[in-house]
Amino acid sequence: GGRLNLDFNPNNRLSFSTSLSFSGDHDDRIENDGSDKGIITDAVGDSPMIPIRDAAGEFTGPPDLEYPNPVALATLNDVRARTNTLLGNLEARLRVTDRLLFTSRFGLDNVNLREDQFESRLVTGTYASSSDGVAKSGYTQANRYVIDNFATLSPNLGERSELTITGGNSLEFNRSEFNFIRGEGFS
Numbered sequence: 665g666g667r668l669n670l671d672f673n674p675n676n677r678l679s680f681s682t683s684l685s686f687s688g689d690h691d692d693r694i695e696n697d698g699s700d701k702g703i704i705t706d707a708v709g710d711s712p713m714i715p716i717r718d719a720a721g722e723f724t725g726p727p728d729l730e731y732p733n734p735v736a737l738a739t740l741n742d743v744r745a746r747t748n749t750l751l752g753n754l755e756a757r758l759r760v761t762d763r764l765l766f767t768s769r770f771g772l773d774n775v776n777l778r779e780d781q782f783e784s785r786l787v788t789g790t791y792a793s794s795s796d797g798v799a800k801s802g803y804t805q806a807n808r809y810v811i812d813n814f815a816t817l818s819p820n821l822g823e824r825s826e827l828t829i830t831g832g833n834s835l836e837f838n839r840s841e842f843n844f845i846r847g848e849g850f851s
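Residues in the sequence shown are numbered from 665 upward in steps of one, following the working numbering.
What the hints contain is simulated information worked out from the structure, not anything from laboratory work.
Every residue gets a Cβ at the ideal spot worked out from N, C-alpha and C, and that includes glycine.
Treat each hint with caution, since some may be false.
[As the list claims (entries may be wrong)] Here are the simulated SDA-like cross-link-like pairs (lysine to any residue), alpha carbons at most 20 Å apart as the crow flies:
#: 1; residue 1: Lys800; residue 2: Arg846
#: 2; residue 1: Lys800; residue 2: Arg778
#: 3; residue 1: Lys800; residue 2: Ile694
[As the list claims (entries may be wrong)] Each pair of labels, with its calculated beta carbon distance range:
#: 4; residue 1: Glu848; residue 2: Phe766; range: 55 to 61 Å
#: 5; residue 1: Ser687; residue 2: Pro727; range: 42 to 48 Å
#: 6; residue 1: Ile716; residue 2: Leu777; range: 31 to 37 Å
Kindly produce the complete structure, drawing on both the sequences and the hints.
What follows is the structure in structure tokens.
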């Protein structure tokens, strides 16, 4: 990730400021949803008397175990996720007179997420073992754009009074895209 901030004042009536930040995250994780197919739940629920692997070196599983082998779930199943986020804004201020200031802002927030999951057919006692493996891929992109324009007027009412009037508008655009695909029956 990184961040960039720039300010620019070409004269005493005009100023610009910008901010831009990018962050990314890559996760290789083990799915554990707290159901009967999670490594923690299965490790607690399975008998400690059954070995992790049988005499042939294969992972044990039902019917020897009550739940799928948690070590097989952690070893053979794969979940990878990537998230990228871009945040930015630009602000311009124009002092039209000593008492009138016009401000315009543009902001963006872009998020991109992709997650890929593979459930191995070699983990006995799971749906994936009965369907020769399951693969899933999900993709989400969400974009938000905001535009603000406003003017601030501070008229001179004398030494004993002060008044500030602000008026303007704001516009927001949102766009999202979601994709998901699932496949079964891998050889």
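A quick look at each hint next to the structure:
Of the pairs offered as hints, the one joining Lys800 and Arg846 holds, with about 4 Å between alpha carbons and a cut-off of 20 Å not exceeded. Restraint check for Lys800 and Arg778: the C-alpha separation of about 11 Å stays at or below 20 Å, so the hint holds. At roughly 14 Å between alpha-carbon atoms, Lys800 and Ile694 fall within 20 Å of each other, so this suggested pair holds. A beta carbon spacing of about 59 Å between Glu848 and Phe766 agrees with the range 55 to 61 Å that was offered as a hint.
Checking the proposed 42 to 48 Å range against Ser687 and Pro727 shows it holds: the Cβ atoms sit about 47 Å from each other. At about 34 Å, the beta-carbon gap between Ile716 and Leu777 stays in the expected band of 31 to 37 Å.
The structure meets every hint from the earlier list without exception.
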